[in-house]
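Participant: With the hints as constraints, model all of the structure from the sequences given.
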Amino acid sequence: MGAYVLKRVARSILTLIAITMVVFVLTHLLGNPVAMLLPADASNELLNYTRHSLGLDDPLIVQFQRFVVDALQGDFGPSLFQGVSSRDLLVRSLPATGLLAGTAFIFASVIGLTLGILAALKPRSWLDNAVSLVSITGVSIPEFWLALLLIVFVAIPSNFLPTAGYGTPLHLILPAIVLSIRPLGRIAQIARGAMVDELRQPYVVTAHSKGLPVRTIIRRHVLKNAGIPIVTIAGIEVVDLLSGAIIVESVFGWPGVGWLAGNALRAMDFPLIQTVVVWAALVTVTVNLLVDLSYAWLNPRVGNQ
Amino acid sequence: MGVQGLDVEVSVQRPSRGVGMRHSAGRLLRLLLRDKIATIAALFLLGITGVAIFAQYVAPHDPLLQAIPDRLQPPAWVEGGSPGHILGSDQLGRDTLSRVIYASQISMFVGWVVVAITLIVGTTLGILAGLFGGWLDHAIMGTTDVLMAFPGLLMIMTVSAVMGPGLETVIIALSVRFWTSYARVTRGLVLALKEADFMVAAQVVGGTRRHVIRRHLLPNILSPLATLMPLEVGKVMLAEAGISFLGLGIQPPVSSWGLLVSEGRNFISSAWWLITFPGLALFATILSTNIVGNWLRLATDPIHRGRLGE
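If you read the protein sequences in the order shown, they are chains U and F. Read in order, the letters of the first sequence are residues 12 to 316 in our numbering. Read in order, the letters of the second sequence are residues 483 to 792 in our numbering.
Simulated from the structure, these hints should not be mistaken for lab results. Owing to the predicted nature of the structure, the values given are computational and were not obtained by experimental measurement. Here a beta-carbon is modelled for each residue, glycine too, at the ideal position from N, C-alpha and C. Fair warning: there could be bad hints in the mix.
Claimed, not checked - Here are the simulated BS3-like cross-link-like pairs (lysine-lysine), alpha carbons at most 30 Å apart as the crow flies: (1) Lys518(F) with Lys18(U); (2) Lys235(U) with Lys221(U); (3) Lys133(U) with Lys518(F).
To be verified - With the C-beta cut set under 8 Å, the calculated list includes, among others, these residues of chain U facing chain F: (4) Ile24; (5) Thr26; (6) Ile30; (7) Leu37; (8) Thr38; (9) Ile147; (10) Thr148; (11) Ile162; (12) Val165; (13) Leu253; (14) Ile258; (15) Ile284; (16) Ala291; (17) Ala292.
Facilitator: As structure tokens, this is what we get:
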């Protein structure tokens, strides 16, 4: 088990190093960030001056050294437009995203798991069909569209739900609902599938025949065994919440990391872009690591392989 | 079992193409017609594809034709609407229905082209990784690990922003993201098939590597990969709409459904139809690809076939 953990951690670190390489290639070798940053009719002097002031005319190896030092500090320099350290900007927007994504995740997990388990207990019932409908709608609906519909048809007529902004619990309601809808659908789908598969296993029949109540069978045996696919999907959802947050925060003007990322990308504020991307990768790799380690806990065979 | 026996095994197990494919297409169609919801979804997809292809004959107006006196008209059935603009008009008097119809071309085109690219690239790399193993496997799978360690939308947006948004960039950025799922699925299939009796037999009787791949491996992995396509198209269309909505995807004057919603956003308090209808078209299309995709996966999976009533 210890060796497994060590190996898995080492792989995460390697992945993270590879990711920062990809970010370097993306931002320094692909395309021409300076041309994207300046208006189309910018003079050559201005282009050269900007390139120089950003250090993009240095030899590639020098740029790479600087990039590595920046990456280790998790900060690629001050934002081009706000003049503040990119890492500080990021850290400042973390609480907002944490609140939004955390609320959405809890909501999606609780409702999604409940719906999935209930549907699995009565396959092909009306409840099962309704859960299928909810989950396929959840994974198909574009978040930005749902968000705008809620603003137009709920928030504006309601007169008390805010259409955008941050600060009170009321502001949290609509963004959290929109952000949770896709993970909710997928968690329900996966939970249902995992439970249906598990309920067919011979040990469930055995438990039934020796007279254990259904409730006990599910709580003691089935849930833990059905846990692996559910934990996987929950891990994926945490990462996907970051993607969703870019859109949802942009629509609702929610001052989190997604909003920051969207603005940085549109403005080609690339110290900020690099900072956000590297931090997002760090979070993703950490979540994936935790998911894999929780497998080993749920299924001891994994750790011994 | 002698060599003679093996030979018979091989010819029996060899997946037949041509006739076999047609037969299974007919069987699939019969199965489909038994599932009402999947049939409706498939018909909708067929219809929307037809509308996209024949946009210039179907659309009532030129999608770029401005008519300032007609601006911001609500849909025809709402008070103040006119039958000339069934789904209303935008801030420049352009016809919403016509714009939604023309936008379907870009949305559908991006979806299918990206899935075609990722199918080819992902399958090729997946086969290489699965067949040859070793460092090649590590390199290819390591790359998918790295690409999947970014939040998807963030990576697509970054590629798009760095390369300069536009149709080609959108296709490249989405392809970079989505080939990984095909590569992983293909590798898994290849690893499972590599040890199958008929593959081993084909090698034992002296089939060359090229022959074994073309006649025995490919036919067996193509159908599971093809059944993944509708689900992938849905995911790609959703991602395209997302980045276009955020201004980092398709750029005007061409339009996609996501971009139309984005443009309508400035008028949400006065013109609800500008965001509602393009989004509805997008949602209905993605919903249909997911319904058809889920159905297709069940219909072609031997374990689940019984559930669909065959």
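Participant: Please flag the earlier hints that this structure goes against, numbers listed from lowest up.
Facilitator: 1, 4, 12
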